[in-house]
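**Q** Now for the letters of each chain:
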Amino acid sequence: MILLENVSFGYGDDSSTVRDISFHIERGEFAAILGANGAGKTTTAKLIDGLLKPTKGRVLINGLDTAKTRVSERARHVGYLFQNPDRQICKNTVREEIAFGLTAVWQNAGEDAIARRVDEVLESFGFSGDEEPFSLSRGERQRVALASVIAIRPEIMILDEPTTGLDYRECTHIMDTIKTMNEEQKTTVVMVCHDMEVVASYATRALVMAGGHLLGDGPVKTIFRDQELLKRASLLPPQIVELALRLGPGFENADTVEEMTEAVSARAKRKGAGV
Amino acid sequence: MISIESLTFQYEGSTEPAVKDITLNIEDGGFFGIIGPAGAGKTTLARALCGIVPHHYKGDFYGSVTVDSMDTVDSKMTDICRVVGMVFQDVESQIISSVVEDELLYGLENYGIPHEEIEERMDFALREVGIEDLRYRTIASLSGGQRQKVAIASVIALRPKVLLLDEPTGELDPGSSRQVFGLLKTLNEKYGITIVVIEQKIMLLSEFAKELAVMSGGSMFCHGPVREVLKRARELEEIGVNCPRVASLAQNLHKEGLLKTPVLINVDEAEAAVRRLIS
Amino acid sequence: MKDLFQYTAGDSVIHKLNPLTRILLAVAVCAAAFVSDNLYYLVGLLCFDMLLGLLAGVFGKALSLLKGLLKISIFLFILQILFVRKGNRVFWIITDQGLILAAKVVLRLMIACIPLALMLAVTQISDLANALVQVAHVPYKYAFTVTTAIRFIPQFMEEMADIMEAQTARGVEFDTKNGLKKIGMMLPLCVPLLVTSVRRTDAAAAAAEARGFELRNRTSGYKKYPFHWCDLLAVLVCAALIAGAVII
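Protein chains in written order, with the working numbering: chain A, 216 to 490; chain B, 726 to 1004; chain C, 9 to 256.
These aren't lab readings, by the way, just hints derived from the structure by calculation. Everything numeric in this text was worked out from a predicted model, so none of it was measured.
Straight-line C-alpha distance at most 30 Å; calculated BS3-like pairs for lysine-lysine:
1) A:Lys306 to C:Lys189
2) A:Lys436 to B:Lys980
3) B:Lys980 to A:Lys486
4) B:Lys985 to A:Lys486
5) C:Lys75 to A:Lys271
6) C:Lys149 to B:Lys801
7) A:Lys268 to C:Lys190
8) A:Lys283 to C:Lys79
9) A:Lys486 to B:Lys956
10) C:Lys190 to A:Lys283
11) A:Lys446 to B:Lys910
12) C:Lys75 to A:Lys283
The shape of chain A in the complex, shown without the other chains:
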């Protein structure tokens, strides 16, 4: 589905540099790109979307080289949710905003088909359609942006720090919507994210970057327990994983609060039973 072959971008020590990275993401995966600021995460996300073209190597989306694909053609398959919704929103009502993206991409669809799709999306997000985006809160605006991306029914969703500036509840709203798409429509998700707790709760695969290089690639659970790797990328594991690592043997599988509670109470009870 997404294939990067020896991709490099940029020159010198620029923070947007990516150096010779290769990976393959299958349909239906939920991958997170992790790393400190300036590690090359956003550049990688933009390379996948085709907003940036690699200076070396190639990026294939569904077998098509992004360097040779037209913008509108690619936007039909790949949706991109930016950190700042205000760069995307340009219409006066939520309905027009959602329709705007659709008309740009579904060029052959009739007006009826577009209107029907807009209504569907409005309903599933609980918008009336007449709201003015700029009078909504930041979290609501991010949901408008998400709605207009989802409307296109992309096969691939790229999220660039989708939860920055949102509170916990807004963040959960957005992420739950994306998780549902991932599970029900097998939408492939690639997410750049700083919040390790969000990554731990939603993503299944993690790509770790630092200084433009890809340092690690594997299941989130395994990556979060690789302390040496996280340290090299200046990352910290989620609290519960860190606690489990410090506690050592017996806590290898305690990744969530529930699992940790269970593990602790089991051990405590055994001790109480006088073993």
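Could you slot chains B and C onto chain A? The hints should help.
**A** Chains B and C alone, transformed into the frame defined by chain A:
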């Protein structure tokens, strides 16, 4: 240092008050965290603390805010801002100059700090924030974390008694976020500067702040020492404020009858508590 | 493009000039370009522009400016040679006078555009404001307004680039070759740009006020902006440039 007495404020042209009936006392030398879901009125409260509300942003102001025994409504905004230095949410629009040194100079010059004192103050600010090497760099060449530090340095060069920050780590990665909070801790402990910080990252607040205020829908939901507030983890989650995972763990263990007080604020504490339980 | 307006640090001769002298230098070159009617002198002035870039250590920027102006220059040039009918026919409907006139117009455009941009690239906006207040006795409020406007240009350009990128991501084809179509597509984007700008400007004003904007006066500045011998030299160069334009 700062006392807020039943403050209600409604922006001009708005139909609803942004903050409602807030009463709060911020002690000298404290480290105060403010958290709450979007639209809770956090930024408005911060603006009221340094006089930007109601001097720059106008509207209906009820109640009173007293800073260092100055009533903010009757005093000039510049007098209040000298006591309460504010670092704004959008660092980009706060920074005025194109070189770090000039950014520090700006406030010092305006407040008429004697020119022979300026050099020493700049050295102090750059050193404490740890950006001495950036002094002659252009702002455009700095990373987000470095810009945030420049903004903080340019405010502490004015030697305010209170440092007020509105989501200083919003755009930063976890590493730089911790650095910024570490810096705030130093300023608080070494120089007794009172810190008031609005922050979404509860993990940082519970580790660094001494007191916590939780706002919701314009009102004060609860406030007090961090441990006391975190005991109400379940209620906080209901209004849209999450808790550190170790705090949730503490609640679970408490329910199972394993932990006496249902509060753990960081991994160190959690490790110690669990070890006591299992060994 | 956006880094054209960004300050480039350095310690060249130009950097050492008083900020006001730098602006004077730019204005003098523009004035000379418009006064002079001599093709060779104009070519000389363009060389002088590039020399300024070289002296200031921003030759790369000068070149990319020149490159940027080239497109519009070619367009203007063709327009001119097609419409001027006076003089002897050289080729098809093109006359010798037309060629000369077109060359002059294009040269003037390039000469006038480059120096101001170059001087802004090597002058800190705050220095310019301070010098305006200290030396030229401009009230700080006006100096601040002007310099803030200049300071926001690169930020707006960056913002516009980001907005266009966001729109490209959702399938709007900005990579079209049709210029008119492109402008038509950009118009709706002015809404988000405007909203962000208003918010930003207000936040910037509040932040400046909090740091004592209103207290600032002519004596506030810590750095001084005296005139040196090299400023005198630069003023002489300015005078020579304009005198040359009048005489030749």
